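Undergrad: Sequence:
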Amino acid sequence: MDLSLGLTIGAIVVLLAMSAFFSGSETALTAASRARIHQHEKQGSKRAATAARLMQSREELIGALLVGNNLVNISASALATSALIRLFGETAVVYATFIMTALVLIFSEVLPKTLAILRPEGFALTVAPVVRVFVTLFAPVTLTVQHIVRLLLRLFGVRADSELVQSAREEIRGAVDLQHAEGGLHKADRDRLGALLDLADLDVSDVMIHRTRMRMLNADDPPGTIVAEALASPYTRMPLWKDSTDNIVGVLHAKDLLRAVQAAGGQMDRVNVPAIAKPPWFVPDTTGLQDQLNAFLKRKTHFALVVDEYGEVMGLVTLEDIIEEIIGEIEDEYDVEVEGVTLEPDGSVLVDGSVTIRDLNRALDWSLPDDEATTAAGLVIHEAQMIPDVNQAFTFHGIRFEVTERERNRITRIKLSKVEDEEE
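Numbering-wise (the numbering used here), the sequence shown opens with residue 1 and increments by one.
Think of the hints as simulated: they come from the structure by calculation, not from any bench. A portion of the hints provided could be inaccurate.
[Unchecked claim] In silico DMTMM-like links for lysine to aspartate or glutamate, alpha-carbon gap of 20 Å or less: (1) K42 - E90; (2) K42 - E121; (3) K418 - D352; (4) K187 - D203; (5) K278 - D352; (6) K300 - E320; (7) K278 - E320; (8) K415 - E402; (9) K278 - D220; (10) K418 - E407.
Bear in mind that the values here come from a model prediction, so they are computed numbers and not experimental data.
Kindly produce the complete structure, drawing on both the sequences and the hints.
TA: What follows is the structure, encoded as structure tokens:
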């Protein structure tokens, strides 16, 4: 083996090693978790800070690595072809093609990318300082290539600048759904994380207790009657109305009522109920759930009445309602169980019309839309574009909705069944 052939083989080995470096770096820096890299950066790691900056400018990173990878691969193939032609003649082109394809595929692509995907964060932190040098070195070439590519894309009506970038919430939601699909996350945990992400998209009208289900006290009733009703209620706070249920004059707390009864020596007639009631707090039905949660925490109160644009009371919302939207139902020994969803032996589901679509989706792991309607009855009316009669049925979103009970213009009971289940 002469000196020139030895140098050529050595150069090919070095170029294959560089190709492996570029391939592994590309995989590691694109597959590494930005959250974990950020944690390392917060702990003072300079390598993590470098990796984070590279991952932030992903287009320049990928461009530089691709330029470097193609440069060394083509150079290695050219050297190998030249060396083999000197040894075997023109037919060596075929040999060089197969040999270099095998070497590049095994040692410069599959092997480094497998190592990078197994330990992406560690690999990324190791190669980040060197990769930054190549990104800086190849920056003029990378920018030129990107400019040419964008011009070519515009010829076909594609604007790279207008492509939507996935938001952080959507990225987290996708990761949560993927973990659940792969069995790494329980449904309850997925629902809690998903509900926390949905909080910013919901209004108080989506989780409020409707006025038809509110338990209220009449300020004109005798104190003894009010005390008895408050004791019979599972709630500690109740709206107090006067003359009309639309005229809410205060919110009565059971503990304040108990203190007043004690101060009066147990003589109910001496208790001035309106005087111990707290002023009502009214919030618009369009208030965002995240804003309402912050307002509850700021005001250090747990209860608000929801009104529409005309000032009419639509319902009430509590801090517990918002927390339940995140973690699910919170029940204590005083809660009254309300049957809203009942599973039937034939596989169908009986649902109260007032059950919210979100609760229904959670209970049955369905995905009915809640953009245009909040409750099951509202969804039926919206989709049917009418108020259905009893026993009238509709099929939409893969579910058969059959109205089983109706009070005047209000749907009170619906039977649901999956279409595919019926076909089977």
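Undergrad: Taking the hints in turn, state whether each one holds.
TA: Hint check results:
The straight-line distance between the Cα atoms of K42 and E90 is roughly 58 Å, outside the 20 Å bound, and the hint therefore fails. Among the hinted pairs, K42 with E121 is consistent with the structure: their alpha-carbon atoms are about 15 Å apart, no more than 20 Å. About 17 Å separates the Cα atoms of K418 and D352, which keeps this hinted pair within 20 Å; it holds. For the hint pairing K187 with D203, the CA-to-CA distance comes to about 24 Å; that exceeds 20 Å, so the pair is violated.
A C-alpha spacing of about 33 Å is found between K278 and D352, which places the hinted pair above 20 Å, so the restraint is violated. Restraint check for K300 and E320: satisfied, since their Cα atoms lie roughly 13 Å apart, inside the 20 Å limit. Restraint check for K278 and E320: satisfied, since their Cα atoms lie roughly 19 Å apart, inside the 20 Å limit. A C-alpha spacing of about 5 Å is found between K415 and E402, which places the hinted pair at or below 20 Å, so the restraint holds.
Among the hinted pairs, K278 with D220 is consistent with the structure: their alpha-carbon atoms are about 16 Å apart, no more than 20 Å. Only pairs whose Cα atoms come within 20 Å are accepted, and K418 paired with E407 is rejected, the gap being roughly 25 Å.
The earlier numbered hints that this structure contradicts are 1, 4, 5 and 10.
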